[in-house]
Amino acid sequence: MTLRRQIAAVIALVSCLVALTVGILVHQASVRQHTEQARKSATAALDTVLTGYDATGELVTGWHAAADDPAVPPELRRLAERGRQGSMLGPGPRGTAMWAAAGANGRVLSVRMDYAEDERAIADLDRAVQVSAALSVLVTVLAGVLAADRISSRLRTAARTARTIARGDLDARIGPLGRARDEVAELAAAVDSMSAVLRSKLASEQRFTADVAHELRTPLTGLLTASELLPPGRPTELVRNRVRALCGLTEDLLEVSRLDARAETPELADLPLGPLLARIVAATGTEVELRVDTDAVVTTDPRRLDRIVANLVANAQRHGRPPLLVRVEGATVTVRDHGPGYPEEVLRDGPQRFRTGARERGHGHGLGLTIAQGHAEAVGIDLRLANHPGGGAYARLVIPGPGDRPTATAAR
Amino acid sequence: MTTPVPGAPRILLVEDDEVIREATQLALERYGFPVETAGDGLEGLERFRAAPPDLLLLDVMLPLLDGVGLCRRIREESQLPILMMSARTEPIDVISGLEAGADDYVVKPFETAVLVARIRTVLRRTGLGPTAAAPAAAALGPAHSVRVIDDLEVDTDAMEVRVAGRPVPLTPTELRLLLEFTAAPGVLMERQTLLERVWDYSWGADSRVVDVHVQRLRAKIGAGRIETVRGFGYKLRRTS
Chain A
1 MTLRRQIAAV IALVSCLVAL TVGILVHQAS VRQHTEQARK SATAALDTVL
51 TGYDATGELV TGWHAAADDP AVPPELRRLA ERGRQGSMLG PGPRGTAMWA
101 AAGANGRVLS VRMDYAEDER AIADLDRAVQ VSAALSVLVT VLAGVLAADR
151 ISSRLRTAAR TARTIARGDL DARIGPLGRA RDEVAELAAA VDSMSAVLRS
201 KLASEQRFTA DVAHELRTPL TGLLTASELL PPGRPTELVR NRVRALCGLT
251 EDLLEVSRLD ARAETPELAD LPLGPLLARI VAATGTEVEL RVDTDAVVTT
301 DPRRLDRIVA NLVANAQRHG RPPLLVRVEG ATVTVRDHGP GYPEEVLRDG
351 PQRFRTGARE RGHGHGLGLT IAQGHAEAVG IDLRLANHPG GGAYARLVIP
401 GPGDRPTATA AR
Chain B
1 MTTPVPGAPR ILLVEDDEVI REATQLALER YGFPVETAGD GLEGLERFRA
51 APPDLLLLDV MLPLLDGVGL CRRIREESQL PILMMSARTE PIDVISGLEA
101 GADDYVVKPF ETAVLVARIR TVLRRTGLGP TAAAPAAAAL GPAHSVRVID
151 DLEVDTDAME VRVAGRPVPL TPTELRLLLE FTAAPGVLME RQTLLERVWD
201 YSWGADSRVV DVHVQRLRAK IGAGRIETVR GFGYKLRRTS
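Top line first, the protein sequences correspond to chains A and B.
Take 1 as the starting number for the first sequence in this note's numbering and just add one per residue.
Take 1 as the starting number for the second sequence in this note's numbering and just add one per residue.
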C-alpha cells in the first residue's frame with residue numbers, strides 16, 4: 001500500500017469517526033432538548049388544567065385536555081390511577097405526542113401536545129448534520145490526499161533518482177524538491193551528498209586502476225622485449241608465456257577502466273552482420289564454426305562488437321569445451337560451447353570482475369565477460385548469458401538495427 | 001646475428017626507460033637495424049641533428065622535451081618517418097602525437113615482431129624498405145602521370161605535390177594517403193580500407209590514425225578538398 005493511500009485512508013477513517021461522534025452527540029442533545037421542552041409545556045398545561053378542574057370541576061379547553069382519555073398510554077394511566085402525576089412520549093392520534101396526566105378524584109386528567117413537529121425538526125437537523133459531516137469528511141480527505149500526494153511525489157522523485165544512481169549514473173541528483181524544509185528535503189539532501197561521495201570515491205578508484213595499468217605497461221614493455229632476447233628453450237618459453245599473460249591482464253584492466261569511465265563514444269555504422277562476424281571470428285584465431293542462417297544489417301560499432309564476440313569466444317575456449325559455435329540469425333548472434341556452462345553466480349549476478357568459478361572451470365581472470373558486458377551496454381546490444389539445455393555456455397546478443405535508436409549509455 | 005646489414009635503415013630510438021631502451025636496441029639490432037639511442041628529448045634532438053637517421057622511434061613521455069614536442073620540432077626540418085611509442089592510449093595522448101606529425105604509433109607493451117612490422121611498413125612508404133618500389137608503383141597505376149584536380153597537382157613520378165603551382169612538402173604517409181584519394185576522386189574511401197592500404201593494418205585497428213592524417217593533409221592542401229562521409233570515411237572532391 002502506498003504512503004499516499006495509507007495517509008488518505010487514515011484521514012478518511014478518523015474524520016468519519018469524528019463526524020459520527022459529533023452527529024450522535026448533536027442528535028442526542030437535540031432530542032433531549034425537544035423532549036424537555038415538550039415535557040415542560042405539557043406539565044405546565046396539566047397544572048393549568050388541574051387548577052381549573054379543582055376550582056370549577058370543569059376541564060379547560062385546549063391542549064387536548066380530557067378526562068379518562070382512552071388514548072393515554074397505559075403506563076401513564078396506571079401512574080395517574082395511583083394518584084400521581086407524570087408525563088411521557090407516546091402514540092397520539094397524529095403521530096407521537098407528549099402526554100401528561102394526573103389523577104384527580106378518581107379520574108385521570110390528561111393533556112396532549114403534538115410531538116410530530118419536533119420529530120421532524122430533529123430529523124431535519126440530523127440530515128443537516130449528516131450532509132455537513134459528509135462534506136467535511138470529503139474536504140478533509142481531499143486535503144489529506146493532496147498533502148500526502150506532495151510528500152509521496154517528492155519521495156517518489158527521490159526514489160527514482162536513487163534507482164538511477166544505483167544503475168550507475170552517479171551524476172543523478174534529486175535537487176531541492178520544492179521549498180519545504182522537512183524530513184523529505186533532508187532525505188533528498190542526504191542521498192545527494194551520498195551519491196556525490198560515491199562518485200568521487202569511484203572516480204578515484206577508477207583512476208587508480210587506470211594508473212596502475214598504465215604504470216605497469218612501462219616495466220612490462222622492458223620485460224617483454226627483454227624476454228624475447230633470451231636464448232630459446234623451455235625456461236624462456238615459460239617466462240614469455242607468463243609475460244604475455246601479464247600483458248593481457250594489464251590490457252584487460254585498462255579496457256575495464258576505460259569502460260567504467262565511459263571514456264570513448266561508440267562509432268556507429270550500418271553494416272551487414274554476416275561478413276562482419278566472419279572477420280571477427282577469423283581474427284580470434286580459435287577453431288570456431290560460424291553459421292549464418294539469415295543475415296541482417298545492424299547499427300553498431302564494429303570494433304566493440306569485435307571485443308564482445310572475441311571475449312565470449314575466448315571465454316568459451318578457456319572455460320568450455322569444443323565444438324564452439326557462433327550463429328547469426330538476423331540481428332541475433334549466439335555463441336555456444338559444449339563445456340560445463342556458466343557458473344551459477346555468473347548467471348545469477350551477471351559477470352563480476354575476477355570471479356570465474358575458477359576451481360571448476362580451469363583458470364582465467366574473469367575480466368572477459370565484464371568487458372563484453374560493458375561494450376554491449378555502450379552500444380545498446382542486449383547480451384544475455386545462459387546455459388544451453390543441451391549443455392554448454394550459451395551467450396545471446398541482440399544487436400540494434402538501423403531503425404532502432406540504441407540506448408547507448410556511453411554516448412554521453 | 002647482431003651485425004647490422006650494410007645499408008640497412010638506421011633508427012634513432014629516444015626512450016627514457018633504460019631497460020626498454022637497451023632491450024629494444026638489442027632486439028632491433030637482431031633484425032638488422034643499426035640503432036642509436038637517446039635518453040631524453042633534448043639529447044634526441046641533438047643526435048638527430050648530428051646524424052639524421054632513416055627513422056625515428058619516439059617515446060611519448062620523455063624528460064626535458066617530451067615526445068610530442070620533439071616530434072613537432074623535427075617535423076619543422078624533416079619529413080622522415082616517425083613512429084611513436086606510448087604507454088597511454090587515451091585519445092588525447094594518441095592524437096596529440098599524430099597531430100605533431102608522427103606517421104604511426106605502437107602501444108606499449110609491444111612484441112618486437114609487431115614493432116618491426118610497423119617499422120617496415122613506414123619505411124616502405126618512404127622508399128627505404130626492401131619491397132618499396134613494387135607495391136607503390138603498382139598502386140600508382142600507369143607510368144608517368146601527373147594527376148590534376150583543380151589546382152592540385154600530384155606528380156606520381158617525382159612524388160611531388162603542388163597546390164596552385166606551389167610545392168607542398170608532405171610526409172611519406174600523407175603522400176601515400178593522398179595517392180589513394182587521387183587514384184579515385186569522388187569515390188568514398190572507408191577508414192578500414194585506408195588503414196589496410198596505407199598503414200598495412202589488418203582488421204580492428206584504431207581509425208583515429210586515419211582521421212588525424214586526413215586532418216594534417218587538409219591543413220596542407222586545403223581543407224575543402226577532402227570531404228568527410230559521416231560514419232564511413234572520406235572522399236576527394238572531384239572539383240571545387
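Some hints could be false.
To be verified - Partial list, derived from the structure: chain A residues whose beta carbon lies under 7 angstroms from chain B: (1) T218; (2) T265; (3) A269; (4) L271.
As the list claims (entries may be wrong) - Listed next, the stretches of chain B that the computed footprint assigns to chain A, with coverage defined by at least 3 CB atoms under 8 angstroms from CB atoms of chain A: (5) 18-25; (6) 108-118.
None of these hints come from the bench; they were simulated from the model.
Everything numeric in this text was worked out from a predicted model, so none of it was measured.
C-beta atoms are modelled at their ideal positions from N, C-alpha and C, and glycine is treated no differently.
Each hint tested on the structure:
Interface restraint check for T218 (chain A): the shortest CB-CB distance to chain B comes to about 5 angstroms, inside 7 angstroms, so the restraint holds. Taken as an interface hint, T265 (chain A) does not check out: its beta carbon lies about 10 angstroms from the nearest beta carbon of chain B, beyond 7 angstroms. About 5 angstroms separates the beta-carbon of A269 (chain A) from the nearest beta-carbon of chain B, less than 7 angstroms, and the hint is met. With a cut of 7 angstroms, the hint placing L271 (chain A) at the interface with chain B is violated, because the nearest CB-to-CB distance is about 10 angstroms.
Requiring three or more residues with a Cβ within less than 8 angstroms of a Cβ of chain A, the coverage given for the region 18-25 of chain B holds, as 4 such residues are present. Note: the region 108-118 of chain B has 5 residues with beta-carbon separation from chain A under 8 angstroms; the three-residue rule is met and the coverage holds.
Violated hints, listed in ascending order, are 2, 4; each of the other numbered hints is respected by the structure.
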